[in-house]
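Participant: Residue numbers (the numbering used here), protein chains in the order written: chain A, 8 to 477; chain B, 1109 to 1500.
These are calculated hints, taken from the structure and not from any lab test.
Since the model is a prediction, treat every value here as computed from it, not as a measurement.
C-beta: ideal position from N, C-alpha, C; glycine also.
A couple of the hints might just be wrong.
As the list claims (entries may be wrong) - DSBU-like cross-link-like pairs, simulated, lysine-lysine; straight-line CA separation at most 30 Å:
1) K101/A <-> K232/A
2) K138/A <-> K349/A
3) K1427/B <-> K459/A
4) K1175/B <-> K1218/B
5) K459/A <-> K1428/B
6) K141/A <-> K349/A
To be verified - Cβ-Cβ distance ranges computed for the label pairs, FRET-style:
7) R158/A <-> S1315/B: 55 to 61 Å
8) N1453/B <-> R421/A: 55 to 61 Å
9) Q463/A <-> D1361/B: 33 to 39 Å
10) P308/A <-> N1354/B: 32 to 38 Å
11) D1361/B <-> G91/A: 29 to 35 Å
Each chain, letter by letter, is given below.
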Amino acid sequence: MALYLSKSGKLLPHFKQKICSLGMISLSSIASCFSQNPPLSPEHGKTPYAAPSLFASRRFGSVKAENLASINNTADSQALNFPGGMVKFTPELKFISDLPEERINCYRVLDESGHLLTSDFVEIDKDIAVKMYKEMVMLQTVDTIFYEAQRQGRISFYVTAAGEEAINIASAAALSMDDFVFPQYREAGVLLWRGFGLQDLANQCFGNVGDNCKGRQMPAHYGSKKHNYFTVASTVATQIPHAVGAAYSLKMEGRDACTITYFGDGGTSTGDFHAAMNFAAVLEAPVILFCRNNGWAISTPVSDQFRSDGIVVRGQAYGIRSIRVDGNDALAVFSAVHMARKMAISESRPVLIEALTYRAGHHSTSDDSSKYRPIEEIEWWRAVQDPVARFRKWLEIQGWWSCESDTELRDRARQEVLDAIQVAEKMEKPDLGEIFRDVYDFPPSNLSDQEKSLRQTVQRHQRDYTHFQL
Amino acid sequence: MEASFGVSSAAAANAVNSPALSPPSLPFIRSEARPISWRVDKSRKAGKITTKAVAAQAENPASAASKPGHEVLLFEALREGLEEEMERDPRVCIFGEDVGHYGGSYKVSKGLADKYGDLRVLDTPIAENSFTGMAVGAAMTGLRPVVEGMNMGFLLLAFNQISDNCGMLHYTSGGQFTIPTVIRGPGGVGRQLGAEHSQRLESYFQSIPGIQMVACSTPYNAKGLMKAAIRSENPVVLFEHVLLYNLKERIPDEEYVVSLEEAEMVRPGEHVTILTYSRMRYHVMQAAKTLVNKGYDPEVIDIRSLKPFDLYTIGNSIKKTHKVLIVEECMRTGGIGASLTAAINENFNDYLDAPIVCLSSQDVPTPYAGTLEEWTVVQPGQIVTAVEQLCR
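Using the sequences and the hints, build the whole thing.
Facilitator: Written out as structure tokens, the structure is:
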């Protein structure tokens, strides 16, 4: 296209007549439509977001080529109202670079020793901050002990959130209980923050009668309607379109709440991620899309996962506001989620947050990550960038926490978790009927027959099924 | 709870007349709908819902003189069902490609976007996996979405969401979250639509635990099944057929739903049980005319409920006739007929005088050329021959 124009100045006069505005709607009225979008302050390392004056304006109108007034043509640039909006022409045959000159900057509030680097963050009062720390410690304790339990053969599987405690707790703390959470599987901390008990966690991992999933899902695949935390499914990234759909339902109701969904760097390669991002933007759905970019998808490093500058740049590709934050900095995560929530609800728009962090543990108990990454690397991140330690240092500087409190907290947490596991281990497993319940609202005849048949089999071969609860 | 949907605070269309727009504190909701009225449409009689309406059809000729009810085409019946449910329950919404102002590729949702706004009748980008996923998320948070696959075959892209999420989340969440969604669309072999647009997805979906499947075949059962599917708490896949949308029938004015789990007795008989569904019902009835002339008395049952099978109705028929012929459009391998054969053999083996005969399409992609395509679909002549052989 540009090639043509640079060669024939004769074409340009033709375009002059045809250039049109947005049909019957004047630009000024559209601009006032979107005047409520407050741009992000420039200190975040990104240019303020300009209101999209041309998109999403009219549903049923179409661009009519005939009756369109011409718009400002400056002497050296022409433009054309293509389907989708006005586009200026350029005489340069120039490609946009594959990568930006500089990687998008990462928002950080605390340095590794807990000192504030900026005053541009959302203040947290002492009670919330201390609670955040306690929950982070609890999450660490839960992860350590449950992981050990799996190694001892007491549960079959577990995933830890090692290194991502700040992401878990700080993002949860910035949300309200009415916000819907669509987790991936490394967000048990969000559930802990919302009040899910240790015993409930243990029951789910042991799949006993106390499990509110009734023994039907793998360990760490929590779900609780009461806490607005939607049951984890093993399928990757399927929760992202769910979150968009839930945001759609919130938008229909006009509720003062948003949805948040978490996913990893690997999840962004899926078809569901792409389409959900696109949908969220087109629908103007109040959803926070939170990407935990921890560098690894099992053994696949991000350099094999994508070639873009991380996930944050994709936001603009879909027309979604985005930010990159230091995922190991609880204050940064808190501030970003807090602001994102405000934007999502008041402006009914999606927001993308990329939290850069490191997966300090293995992918799961079925993985040994020392096989594909150097142990020194893991150790460095664990020690130097530990989000819990960093937050504790800040709390100590504030005078809100002390070393002695720490030991006491950790000992108590450890004991509580061990107790919960012991209780869960002794509890019975769900009875046979749970195999057939909740497939539908009421069991159809074929399932009733199958249940009868199974019960008969178990009765007949009781010796083979001694562990079975009938 | 005055419906708060459809509150068009800053609908862009208004901008034409009033450049100064509403205060920025309200979210910009893309919708041009008027507030939804809770009043029942006065032109329809309220209340009486006819459930077991299967036998009602036989009575129509008697009352034909006074002509009760109104005539509709099948796609209009579907739309009536949708509209009635959307009117009755503000949580019902529609997702799909071109369902909004375009009205759907087969006009099933025509006019609904004008009435209920373009948020409640939502045009989606082309990503079946994602708008089905969206429907799952919306359903888990209280809405009752109806997902339209422009052609059933496209829903193969949504297989992951349908099987692993739609079908499973009620179970794996311990019953905490329900997924009352309806997934519908035209399928089956059309007129030279090519292989990719001639899919019979009922055979691929039938194994998925947690979903129900129904197939409509007449305007009457189309409207009834649509309403029942929307009211069901389970995810329901409603199979429509591309070639049946223009069928005309007189349906009642009163509100009615039909049962999702029941088969429909089309023609009672004594000699042989013919089980069929969707478009093949019409091929069977055409063959039945010939058969009656030749002195046979076939019993024709439209099984309608593809998952689970209505083995009660089917079983009673088999106990009477002792011979079964299944006529379907699915491919031979792994189709509905294959499963039905297995189910009948298991349950009613003692009552069969002859092996079950199943007429289905061949295991080939549907060819484009008209003659070739015709030979891949079971024709009335084949049905007549099969019955003659069975009843020898």
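Participant: Give me the numbers of the hints this structure contradicts, sorted from smallest to largest.
Facilitator: 1, 7, 9, 10 and 11
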